[in-house]
Amino acid sequence: MNLPHSQPVADFSDYRDDFPALQQSVNGQPLVYLDSAASAQQPNAVIEAVASYQREDHANVHRGVHTLSHRATESYEGARDKLCNFINASSRAEIVLTSGTTESINLVAQSFCRPVLKPGDQILITWLEHHSNIVPWQLVCEQTGAELIVAPINDRGEVELDALYELMTERVKLLGIGHVSNALGSINPLRDIIGHAKQAGITVLVDGAQGVPHMSVDVQSLGCDFYAFSGHKMFGPTGTGILWGREQLLEAMPPYQGGGDMILEVSFEQTVFNELPYKFEAGTPNISGVIGLGAAVDYLSGIGMDSVLEHEKSLHAYMVTQLAAIEGIRLVGTAENQASVQSFLLNDIHPHDLGTILDHQGVAIRTGHHCAMPLMQRFGLPGTARASLGLYNDRDDIDRLTGALEKARQVFA
Amino acid sequence: MNLPHSQPVADFSDYRDDFPALQQSVNGQPLVYLDSAASAQQPNAVIEAVASYQREDHANVHRGVHTLSHRATESYEGARDKLCNFINASSRAEIVLTSGTTESINLVAQSFCRPVLKPGDQILITWLEHHSNIVPWQLVCEQTGAELIVAPINDRGEVELDALYELMTERVKLLGIGHVSNALGSINPLRDIIGHAKQAGITVLVDGAQGVPHMSVDVQSLGCDFYAFSGHKMFGPTGTGILWGREQLLEAMPPYQGGGDMILEVSFEQTVFNELPYKFEAGTPNISGVIGLGAAVDYLSGIGMDSVLEHEKSLHAYMVTQLAAIEGIRLVGTAENQASVQSFLLNDIHPHDLGTILDHQGVAIRTGHHCAMPLMQRFGLPGTARASLGLYNDRDDIDRLTGALEKARQVFA
Amino acid sequence: MNAAADNQDLQELYRELILDHARKPRNFGRLDAATHSAEGINPLCGDKLRLYLRIDSNDRIAGVSFEGSGCAISLASASLLTEAVSNLPVADADACFSTVTRRLTRQPENPAATTTANLSKLKALDGVRDHPSRIKCATLAWHALHAALHQQSQATTE
Amino acid sequence: MNAAADNQDLQELYRELILDHARKPRNFGRLDAATHSAEGINPLCGDKLRLYLRIDSNDRIAGVSFEGSGCAISLASASLLTEAVSNLPVADADACFSTVTRRLTRQPENPAATTTANLSKLKALDGVRDHPSRIKCATLAWHALHAALHQQSQATTE
Ligand SMILES: Cc1ncc(COP(=O)(O)O)c(C=O)c1O
Ligand SMILES: Cc1ncc(COP(=O)(O)O)c(C=O)c1O
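Those sequence lines, one after another, are chains G, B, W and U. Quick note on numbering: the working numbering labels position 41 of the first sequence as 41, and the sequence is numbered without any gaps. Positions in the second sequence are counted from 1; adding 413 to them yields the working numbering. Positions in the third sequence are counted from 1; adding 826 to them yields the working numbering. Positions in the fourth sequence are counted from 1; adding 984 to them yields the working numbering.
Everything labelled a hint here was simulated from the structure, so no lab data went into it. Check each hint, because a few of them may be wrong.
Only pairs whose alpha carbons sit at most 16 Å apart, straight line, appear in this in silico EDC-like list of lysine to aspartate or glutamate [to be verified]:
hint	chain 1	residue 1	chain 2	residue 2
1	U	K1008	B	D605
2	B	K820	U	D1043
3	W	K850	G	D348
4	G	K173	G	E147
Derived Cβ-Cβ restraints for the label pairs, each shown as a range [to be verified]:
hint	chain 1	residue 1	chain 2	residue 2	range
5	G	T169	B	P565	49 to 57 Å
6	U	P1116	B	E688	33 to 41 Å
7	G	N88	U	R1086	23 to 31 Å
8	B	S680	G	R171	17 to 25 Å
9	B	S680	G	R330	46 to 54 Å
10	B	P528	W	R955	41 to 49 Å
11	U	A1046	B	Q436	56 to 64 Å
12	G	E74	B	N498	34 to 42 Å
13	B	E573	U	A1046	50 to 58 Å
14	W	L843	G	N88	58 to 66 Å
15	B	R584	U	A1097	40 to 48 Å
16	B	R584	U	L1103	32 to 40 Å
17	U	P1116	G	S221	54 to 62 Å
This one's a predicted model, so the numbers in the text were calculated from it and none came from an experiment. Idealized CB from N, CA, C, for every residue including glycine.
Chain G on its own, in the form it takes in the complex:
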């Protein structure tokens, strides 16, 4: 007999109170923040972890015998352990701390790909990707003579799997694919895709910037080789990010940057690099940011990522219904498996104007190309308006959004 898997939905309204930024009014109206895909707000626990670290425990890490340095090192490395557990990495050596998803992907492009790519080799991505999962590959292709190829998507914003699999030839050295599209919200069927890539012998990097904040991620069961994400989208500080990579691959890669901390021994004749993960962490890291990120992981673990996903799925469904009821609305991105993000257009109002009119009513959405220009071109659009959810949003936020859109329709009537 199976026990039912669904739990009672946690009452997320309590969590909202943890976020001081959401308690303010903007342009005379209580703020409705629907821009978490760009950057999430932080709970008090994170803000206070950073501030109290600075007030009490700050010193440089790794090399000090004095008390503050030891405390700082413990907290910093403790955060790494939390991240390791959070994504179920098999070892803390696999958790490379970076400044964000973008740096994580550049690191793989330069240290994993650049030394081995040859003319004729290919890097495979999809039309859904964020610029951070496009431009680093363009740069390394230009540096090596390799070629960037792109798998098509359908009109709902889903990767065309057959076409993708057809592109997986032995020429492809790496597949870079988003977990969740930041522009359209499409959740890629990663297990399937990674399974095919592995059969074709292709290394897989997942851009998880929009995955980790919204669902539970288990890098081992996903089966990918690299998984990149950012702290600031998962309620932690800016300037923090993670590259998870298989130990074996990281071990074989040359360092990315040189400097303090990433070496065991330096002489002018020969420099011995440090062990993983330190080999990839040159210079003084973002100590306070990483400690804040550790607090964010604790906060999310306390709620449970499965509850977060459930909450956001139900809220996204409500958003879609309410938006669809507005006259003149066009939803952009209607993937079957979608959550947390919805792009749309209203009549022929330019998204930018929409953004301003909504801001006037205290509703913060993002407008434009969402750092996914090729995707916009694919849809023949200069941009969209995008409402994106965080765990702190609720139905009232959606109602405020639709109300504000009604007004916009009238201004431009």
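With the hints as your guide, set chains B, W and U with the ligands onto chain G.
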């Protein structure tokens, strides 16, 4: 008639009160923090700037029409303007925000040097350098077949200028030189050195990690081409740094990392990079950190860097006198022009043991190789004990240091 | 404007004149026999337009047009620009650039920049001054004008 | 120890036995006819030492020595190690590694790791347990021992 230049020395004891970390006891004794060269403590103004940004103004920068995004962008770009004024750059386009000195130097190694270096070319540094000003050059030399050459220093820890100038041949493509040695405190005569390099047609990068926190820096009057420094050593947050570079040079360099924000237009056929400084700033930056750094600049400007230098010079002189009076002490680094840092040894006590014994008495110093292993080898030492000053230190701190050293001497008697 | 826009500020921004020019931009399209042209890009929102000029032998703007896509503010501003600078001497058009961009960014007037052009309609853009994130939309076409007059190929507002 | 070290904790750390072994390390120097060796590096403070073993045909440690430089704790620990494992069977020495490193890091004993060695002198190192930043100094030589026994060339404590 000239007006006297010296001002009455500000009363620095007031400033000390601004630093919450310095109000605590460690191991039962009021903390004496003499490790600012590794990382400085933050004044309340910086801690609060970061926290209040997170509580009230956080959103992603540069691309949002909504109010928070606009506020975040204004504060973030406002900090860039403050940095621009602080070092007297000629344009904000020259202020590239990085994660620290280390990344700044790697950026120059990879984007300025790598595309042009050929076998036979040389990069010139000195024996004084920090690993961050050694290893990036070793990496790019290995990548290009160029050669790293090193100017010698004398027993006081001063660069031997004649030898340095002799090495400045037309083979040298870049000189990387520290402003102030983090291990020995030697202040390099930059004007002279840069003048000679410029005559030889050599591009000059100054590692200013230990310069900016301790004296007023004017990049234009220095005459160098690049100047790199870190936020966390100048009382700002970790994970922030600056690369200043001449606009003309930056303009001609290819981007360092690819991603969001550093592009104007992305298509799979052709990507157009953004203007300076954004071309070098891929991905979501460390927004809160940079805003905190802006607050640190305000704080330092309020005091005046000339006062800071004067205060530290006088304190350093006192420290040298007091240390020299201890039986069995050996000062390492006795450059004529030196401030803010003093390395030393006591009898044959290993620095690491010294660090522990001092920590016991609430005195935080750094011990070891200070990320300057070749320098330690030059002196035939595995490491030193190092006391480094910040604007918040005073004579009492020095007295506590010397008292604690007396005890250490007795423990190992 | 519809009464539902009960917000004074919003009415200031989206005046009838602006909405009208945004819906039916004047002088829209490629210009035949253009002598000068420049592209304006606003990376903030992806607005992108190209301004064409035909400057005759008397240094007078004998023809002007634009094409591209953008928000209501940037389209209206470009459309109003084409009307304002048509038939102006080049120096006068340059003075317009200075006057308009300074007014929109609340900078003091440049006494050296005098123009005979009638800029009264352009007051309709003044609403953006209370919307700092939109000022660049309003100035985009003007930067393109400046670039075209000075033979640069591209202007961005960042 | 001098009375001036009025701090209980500090006395625990720098016991006479430790200071004595640090000043006059036993079995210091290269070992002739070593069959095994490994280097231990503590990047934290630059401690670096090399451990040499001569393992005879009966899998017994017939000879042991070390050389290198380091702080008092790491030197004393290495010196005490050479005394403790001299003449032990290899398996026994490995058990010592396990017992000592576990004790110093306050981990529960490994019941499988039993040794006939006399480890009582090594209790002198227990003071480091209250100095977390120094534990790696005390375990460095032991990690090198483990690496040497298992034919690895290098051990680090980071
Ligand atoms: C002289 C010098 N250069 C470079 C660095 C590296 O700075 P960061 O670790 O902040 O990148 C430091 C500090 O560690 C330094 O003292
Ligand atoms: C899907 C996706 N990938 C990559 C990024 C880049 O992340 P960051 O800007 O934090 O480096 C983002 C967010 O901007 C994103 O949404």
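Which earlier hints turn out false for this structure, listed by number in ascending order?
-> The structure breaks hints 1, 2, 6, 9, 15, 16, 17; every other hint is satisfied.
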